[in-house]
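Bring the two chains, given one by one in their own frames, into a single complex with the hints.
Chains G and B, in that order, give the protein sequences. Here the first sequence stands for residues 1 to 349, where the numbers follow our numbering. Here the second sequence stands for residues 350 to 652, where the numbers follow our numbering.
No lab work stands behind these hints, which were simulated from the structure alone. What you are looking at is a predicted structure, and each value in this text was computed from that prediction instead of being measured. Please note: incorrect hints may appear among the correct ones.
[Claimed, not checked] Simulated restraints, written as ranges between beta carbons of each label pair:
hint, chain 1, residue 1, chain 2, residue 2, range
1, G, Ser42, B, Lys647, 19 to 29 angstroms
2, B, Glu529, G, Lys73, 50 to 60 angstroms
3, G, Lys73, B, Glu396, 39 to 49 angstroms
4, G, Lys90, B, Glu470, 49 to 59 angstroms
5, G, Ser42, B, Leu461, 48 to 58 angstroms
6, B, Lys412, G, Thr89, 50 to 60 angstroms
[To be verified] Every beta carbon over 12 angstroms from chain B, so not counted as near; a handful from chain G, in silico:
hint, residue
7, Gln55
8, Gly65
9, Ser80
10, Lys91
11, Pro113
12, Arg161
13, Gly164
14, Val192
15, Pro195
16, Lys201
17, Asp231
18, Lys241
19, Ile264
20, Lys331
21, Lys345
22, Ile347
Where is the CB? At the ideal position from N, CA and C, for every residue including glycine.
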Amino acid sequence: MKKITQILSIILVTVGFMSSTKAQDDKTLLGAGSTFIYPFFSKTFSQYNAKTGIQVNYQSIGSGGGILQLTNKTVDFGASDGPLNEEQTKKIGVPVLHIPMASGAVVLTYNLPGNNNGIVLTPDVIADIFLGKITKWNDPRIVSKNKGVNIPAFPILVTHRSDGSGTTAIFTNYLSKVSPEWKTKVGAGGAVNWPVGLGGKGNEGVSGLVKQTPGAIGYVELIYSLQNKLDYAKVVNKKGKVIAPSLASVTAAGNVKMPEDSKIFLTDTDAADGYSIAGFTWAIIYKEQNYNSRSADRAKKLLTLLWWNIHEGQQFAAPLNYAPLSKEALKIAEKILKSATYNGKPILK
Amino acid sequence: MDAGINKSSRRSHKQIRMEVAFRRMLMMIAIVMVILVLGIMLTLTIESIPSIKSLGIKYLWGKTWDPVNNVYGAYPFLIGTLLTSFLALIISIPFSFAIAIYLGEYNSKGWLSNFLKNTVELIAAVPSVIYGFWGLIVLVPLVRELEMKFNVLPYGIGIFTSSIILAIMIIPYAASMGREVIKMVPSNLKEGAYSLGATRYEVIKNIILPYTKSGLFAGILLSLGRALGETMAVTMVIGNTSLLPTSIFSPGNTMASVIANEFTEADHTVYLSALIELGLVLFVVTVIINVIGKSIIKRFAND
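If we strip away everything but chain B, and leave its shape as in the complex, we get (with noise of 0.2 angstroms):
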């Protein structure tokens, strides 16, 4: 009898034993994490002092990016990369909620959704340098004729090309996000509507997309997250030139694709640090569009 308690709260002990070594590495794990995200800020901060020493607050209004007179102003390309993003986001939304919707809600169970699902996700598996090659060979010419019709000056390439290829980019990233949440409606509320005689429109309109719209728009900001940092198809077709964008149609530059182009051959110390504090810069601008999103995300769910 005493042996068998014994031997039953040996094994308790060694039971809290594990669950307190478990927790423990579980939240190592995580402040590694954090000190990680701290670390860069911390870096990008650091090398950015002489940058900010020699040119000061006016950096980020500055409309100039002269690299052999040291002068840099990182206002066209915050303006590029939030130009790109939005409107990619603009131009991928409709695309990403109704494959969320019909996936998430007509479609949800079979060979076709299955197939579908993962034809979506695949769009986001393909190499970005593809995309950039695609956008070049195939996107250019068709954009170049459109502004044709508009009568702007027929580059091809600018911030709307990237704003399309952005957007096909960032598709799967709200689509699959949406799908998920379309899915976990509860079925009673749906089937209430339904029973008061509601169409599925109505379903559609007046149940799932309150009931999920903190999910949909989680969605939309990581895809959001995703257009702001992409790099190498931007650069493809974006056309990389420091002057103001005066509309969608010009060429412009974005952040992450100035520090891809220039980082390798900055040859002096300033040039060098004002790319870092571009990178500080779309770091800071993401935590922000970050924060106010998630801020946005608590006011829904709190509806």
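Chain G on its own, in the form it takes in the complex (with noise of 0.2 angstroms):
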């Protein structure tokens, strides 16, 4: 901690001594991407800015958009709800870093009249729902799950999302782990084909179906389940435990061994007190931070950006519902932010 407000003065003091000379123009960083991680960033870059004077220009254009802007080289970072796909890092040509910056979950949402004990759902379930191949409510497999609860004998339908998000590629990549035939007949994306169902757009859209047919199920973003409160099933998880969506399980799902780049979804964790259905929002810079003429003095910023996001910036994630990164994610992400490098040589120390 001591260190980084060390660092920290320094910068200011450096930015502080440069702002004099410098353009306006230096002190603006520029990024685009995710919807989802919107919320958060506007706040601990809004608070970043009363501290060090830096702006921050975020434009939330979704992922897709964010992706291809940093491709062609228009802002300082992106921020995406999934890592590169093969042709974008095709596209992109040089070698990126991404790098976690808070983590949000997927959950399903249900409209069971004359259920107030919740449900509980285990991935099979989910799955053949998403399929089309359990179309009633009163399903042998869902209710020896649910004993003692009132399970209405309504047909279920299916609602999803219209619209490409980050919300569907963490779904359907959760499908696609638990269920080899979701894999082969429909596979993960940010927009699917799906087998059955309505379309909603946006969470909004989903939850507006679902509140208003009783027997939808259909996925929104947590954040939004928990500001609209809306009922969510609790799920099974890989180590067999009933898990509640919530800010603390959702962290606990990245307490996980991860790979050195941090580009897996956390979707069927392995950590037992985790929540199944979780993803990281990232954010993605170039390895190399000397392209297009930039100053070394703008690639420090934005490193510094980003450090401070990890770090302090985290405090501000749990009020705004994201859940904050856990132990094992920061690491990873420090390490990642530490082999960025202008020159060759790093930039963080």
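Okay, here's the thing in structure tokens:
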């Protein structure tokens, strides 16, 4: 902590010193991408601005758009709910770094009149509902997991997002992991070819459909369900435990051994008390920061901002219903940030 | 004397120059619009090339829209667009014609006429997202009850609900244009018919409607153009599924709605290009419908 404040104060002084001679433009960093992370970023960036005077102009144009902007080198960083896919990696051409910023989760919301005790769903049941193989709420496979709970004999109406989204990417990634049939028949992505169901635009579209239709089930962001007090299902995780989605269980999902590049979906986590349908949002930057004749100073400002975001910035996550990074994730994120270079030399020490 | 002639000839010279400049300016502005439309067409075509290359003509009648496996077929959305638009047109015509005849013939002056006219025109000024919300909250439960009576799956949302919303949105276009043309029917024609003993209904049927049919049809065409391109209100109540609709109560999707939904997160080249090609198809469909419509209007006018 002390060291960070030291670094920060040094940078502050340096920035303060230089800003008198440099152009206004040097105090603004540009970012674009994920809409999911936008409320969190706008909070942390405004705090950061108050502290350091550095402005961050973040445009929430969607993950795909953010990656495109980074590829075109019009922004300093992109933000995405999924790691770069093969084609995007090829297009960008040079190594990029994925730095986890916070995690989010997807919850299953439903409308079952007469049910006040909540329901528990197993991975195979979730997959078969969305494959259209379980069509009634009183299916024996649902009832057997919900003994003593009033489950009416309604037909199930599946609802999903109609717009491409990171939420869909996380959810379909989860389904692909828990159901081989889903993996071969449908697959994972920000938009997929849904075998059954109706589409609603955005979280509000899906929850609107669910609220209106008795027997409906759909998936929305955890944040959205918390803010709107929707009913959500508990999900049985990989270790067989029944887990309710919450900030704590989502953070716990990230407490697993992680690859060096942090490029994993947290879905179907090995963590015993982790919620199964969770994922990171990453900030994405170029590994080599000297491109497009960027100044070393600008690169350093960017790295410092991201460093601040995964440390001090994390305190703003929980109040906004984002799950803060787990210890394991933070360690990896620090390591990744330190691997960024300018002319081949590390920027952060 | 001489000076006077000189002065007036100089002025007329100036006037001619002014005329020429004005004409050129008009032409230039008109040409800019043409270039713009051609430019849009060109851009859509060029950006569609990756999709055309990888999917070919099959794109038009393919029934699967699968971004994961990069298979795209526009057929369900093409059908969805045409179905919602024409159904909306059929629903809206009785209303827009009734409004046009009432405000053009029965009650063409006075405060009530003005009030009604402005109210109808206000329908066109309401933002489409508001229609979408209204549809979702008010119309969908009503349609659901209707569907339960008909014994079809009571989704509440779908092609039929979208068509009703669209119908309401397009009424003012045909109504306003119809009112204007009905007002322009020469009164000596109508008076002639009355003097021969025709009733008001007979005058409308035998004089006004035949006289104004090309104008009324142009209004319908305008409405149809609006219905084809409407996005927001439709996407909120149509159900957004890429399955082919099986009846007018099925959920479906339209081309404009798919583009709006999926464009921001289209994360590979062919996907993005397939969405742009959808725009191209919509553009071509609109052009074809307009060309057919114009030729019908021409035939009416020649009659």
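Minimum C-beta separation from proline 113/G to chain B exceeding 12 angstroms: can you confirm that? holds (15 angstroms)
Would serine 80/G pass as off the interface with chain B, using Cβ distances and a cut of 12 angstroms? For serine 80/G, whose nearest Cβ neighbour in chain B is about 9 angstroms away, the distance does not exceed 12 angstroms, so it is violated.
Please check whether the beta-carbon of arginine 161/G is more than 12 angstroms away from every beta-carbon in chain B. Non-interface label on arginine 161/G violated, nearest chain B Cβ at 9 angstroms vs cutoff 12 angstroms.
With 39 to 49 angstroms as the target window, see if lysine 73/G and glutamate 396/B comply at their CB atoms. This hint is violated: roughly 21 angstroms between Cβ atoms.
12 angstroms Cβ clearance of valine 192/G from chain B: violated (5 angstroms)
Outside-interface status for aspartate 231/G - nearest CB in chain B farther than 12 angstroms: holds (20 angstroms)
Say whether it holds or is violated: lysine 331/G keeps its Cβ farther than 12 angstroms from all Cβ of chain B. holds (29 angstroms)
Beyond 12 angstroms from each Cβ of chain B, as asserted for glycine 65/G: Check fails; 6 angstroms does not lie beyond 12 angstroms.
Please check whether the beta-carbon of glycine 164/G is more than 12 angstroms away from every beta-carbon in chain B. violated (3 angstroms)
Is the distance from the Cβ of glutamate 529/B to the Cβ of lysine 73/G consistent with 50 to 60 angstroms? holds (54 angstroms)
CB-CB spacing for glutamate 470/B and lysine 90/G relative to the 49 to 59 angstroms hint: This hint holds: roughly 53 angstroms between Cβ atoms.
Against chain B, does isoleucine 264/G keep a CB gap of more than 12 angstroms to every residue? holds (18 angstroms)
Of the hints listed earlier, those the structure fails to meet are numbers 1, 3, 6, 8, 9, 10, 12, 13, 14, 15 and 16, in rising order.
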